[in-house]
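**Q** Sequence:
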Amino acid sequence: MLFGPPAPLRGRHFREQGLAVSSPTRTETANRSPQHSAAPRAAASETAQTQPRRSSAARSSLVMFLGTLVSRILGLVRSPLMLGAVLTMTSPAANAFDVANKLPNLIYMVVVGGLVNAVLVPAIVRATKESSDGGAAFLNKLLTIAIVFLGGVTLLLTLAAPLVVKLFAATMSHDWYRLTVAFAYWCLPQIFFYGMYTVIGQILNARENFGPYMWAPALNNVVAIAGFAVILAVFGGATPADAQDVTRWSAERVAMLGGFSTLGIAAQALILLWPMHRIGIRYRPDFAWRGSGLGTAGRASWWMLLMMITGMVPTIIVSNVAAGASERAASSGMDLLTVAGNYAYTTAYTIYSIPTSLIVVSIATAMFTRLARSAVSGDMDTMRADTSKTLRMVGTLTFLSAAGMIVLAVPLARLLAFTVTPQEAVTLARVVIAMCLGLVSIGAVTVLDRVYYAFEDTRGAFWINLPFQVLGMIGFGLCGLLPPQWTVVGIGLVMAATNTMAFGAMMHVLSGRMGGMDDRRVWSSYGKLLVITVITMTAGYLVLRAFGPVFAPLGVLGAGARIVVVAPIMVAVYFGLMRLLRMDELASLVGPARALLRKIGVRK
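In the numbering used here, each number is its position in the sequence shown, counted from 1, plus 31.
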């Protein structure tokens, strides 16, 4: 996405952004077909894919899906469940820790995230293909640079913690700012481990060993949950006094909360050394960086770095506007349970991003290495076919996810954050609804990101993203003028709007570059899915309304009952209408899933 809080299980803070708009190379021109023939050629190429390749991609997607599912389940125990018990949801203490704990992810994405996410996989694929040693020398140099650079940046920024926090929490009162700085000293070392996790993970992905990268965050969550359990045992659960009185946060309490959070990220990174060793990569420090091929990647990363820096500006605005909402509410005597601040924003984003992380990222990550190979070899037909099919499959699932999460926002928020008060769950649900209006767009954008990264055109990515960054800055700033209880809801709406506009722009530019992208088929599918989604939401709302007011505070059991009754009805209506319209995407989802599960069952 263009803007958003950290996605801690993925080592990302905002959407990896990339868009290719430069003139095509000779190879690309030679592989282009006229616009009117793009759809038939894409369909023919799609049919020509071999069954083993489909099975491999499907198996990789399932492994990543399961890893992400386990990580997300544990993440929902960690945050907001355990963390809600330690900090409460809408308190100044929760906002202080949230700002400090998301800084490492944000800073990492700006400093090296562009290079890692947009450049490394194509560079590793090229080095493996073109070098006699299978890319071993390139990987040694890459890992050495990563260790040296990340170590230096982490040390420098940790020492500068007061200045870094001031940038993101300028609207906080002095006492809470000091607490945020104390948390930041413990959290900022995460920068190094976020970086190493992503570098090693991309090396594994380039070798098509996708599982460890998606499963490692589960260990992070296990460590963090254990830490929160220790904190609860030592200090007890959060009380209103803890949430409002900064003097209750002793150095020991701060160290335990921040320290366990950082320890989890360290475990997440270090566990990847084992699978890297198992696939035959033996790291040896190598400081001879000249002639390694890293220069090309570095030049490409400069444009990505500029894009990430411009992306940081709206994120800074979001952090300060959300913190300002809490400060304004407190100073005016409002009930803080009705006002979403930084931590409620991050928690809402965690819930909102579940479909993307479970479905979209798993599929897109498995597809990325194939796209990189196709881009290197100039095989536009395969890229068109893979992109079209993936967009339609992802769209099928994200439309349904958006429908369910919007209709069932209050029960979901109450069930997934059962340690918070019923009123806090309603506050959280409003933000989730606003964000979910852009869920389909962010799903498609996540897929298209991988296509753009495969072309390694980060200069084009910078220029195409800039207008949406500016629009986001203006929109987020204006949200600060809204009443405190609607400020973060407004931020969610701005996110949805900018991501939707970005989706349209990326489709247009990518279609032009690739000589068509099966556009008519993609848009026809999305149009039908939109109509089906509206009908599905209407059915779900009518059933939910029979339980009582939709935005009434709920108990945990009441929330669970609503989900158990309404969700199956919505799923049945959605897929029933797809079958009635004879949409190919339904068979594309059901067929491979059944075949893959049968194979796994036989192997077991």
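A portion of the hints provided could be inaccurate.
[To be verified] Here are the computed lysine to any residue pairs in the SDA-like style, where the Cα-Cα straight-line distance is at most 25 Å:
| # | residue 1 | residue 2 |
| --- | --- | --- |
| 1 | Lys-559 | Leu-509 |
| 2 | Lys-197 | Ile-312 |
| 3 | Lys-197 | Gly-508 |
| 4 | Lys-197 | Leu-509 |
| 5 | Lys-197 | Leu-512 |
| 6 | Lys-559 | Ala-592 |
| 7 | Lys-197 | Glu-358 |
| 8 | Lys-559 | Leu-512 |
[What the hints assert, rightly or not] Computed spacing ranges between beta-carbons, pair by pair:
| # | residue 1 | residue 2 | range |
| --- | --- | --- | --- |
| 9 | Trp-305 | Leu-612 | 23 to 33 Å |
| 10 | Arg-279 | Leu-194 | 39 to 49 Å |
| 11 | Val-621 | Leu-187 | 27 to 37 Å |
| 12 | Leu-194 | Thr-452 | 46 to 56 Å |
| 13 | Arg-359 | Lys-197 | 43 to 53 Å |
| 14 | Leu-612 | Pro-193 | 38 to 48 Å |
Treat the hints as calculated values from the structure; they're not laboratory data. Virtual Cβ for every residue (Gly too), placed ideally from N, Cα, C.
**Q** All hints are to be evaluated individually against the structure, with a verdict given for each.
**A** Against the structure, the hints come out as follows:
This hinted pair does not check out: Lys-559 and Leu-509 have alpha carbons roughly 34 Å apart, beyond 25 Å. A threshold of 25 Å between alpha carbons decides the hint, and for Lys-197 with Ile-312 the separation of about 42 Å lies outside it, so the pair is violated. For the suggested pair Lys-197 and Gly-508, the alpha carbons sit about 18 Å apart, so the restraint of at most 25 Å is met. Between Lys-197 and Leu-509 the CA atoms are separated by roughly 21 Å; this keeps the pair inside 25 Å, and the hint holds.
A distance of roughly 21 Å separates the Cα atoms of Lys-197 and Leu-512; the hinted pair therefore holds under the 25 Å criterion. Taking the CA atoms of Lys-559 and Ala-592, the gap is near 30 Å; set against the 25 Å cutoff, the hint is violated. Restraint check: the Cα-Cα separation between Lys-197 and Glu-358 comes to about 15 Å, which is no more than 25 Å; the hinted pair holds. The hinted pair formed by Lys-559 and Leu-512 fails the criterion: a straight-line CA distance of about 38 Å is larger than 25 Å.
Hint check: Trp-305 to Leu-612, Cβ distance near 47 Å, so the stated range 23 to 33 Å is violated. Roughly 26 Å separates the CB atoms of Arg-279 and Leu-194, a value that falls outside the hinted 39 to 49 Å. Between Val-621 and Leu-187 the beta carbons are some 52 Å apart, a value that contradicts the proposed interval 27 to 37 Å. Against the hinted window of 46 to 56 Å, the Cβ-Cβ separation of Leu-194 and Thr-452 comes to about 36 Å, which falls outside the hint.
Checked against the hint of 43 to 53 Å, the pair Arg-359 and Lys-197 fails, with Cβ atoms roughly 19 Å apart. As the Cβ distance of Leu-612 to Pro-193 is approximately 59 Å, the hint placing it in 38 to 48 Å is violated.
The structure fails hints 1, 2, 6, 8, 9, 10, 11, 12, 13 and 14 (numbered hints given earlier, in ascending order).
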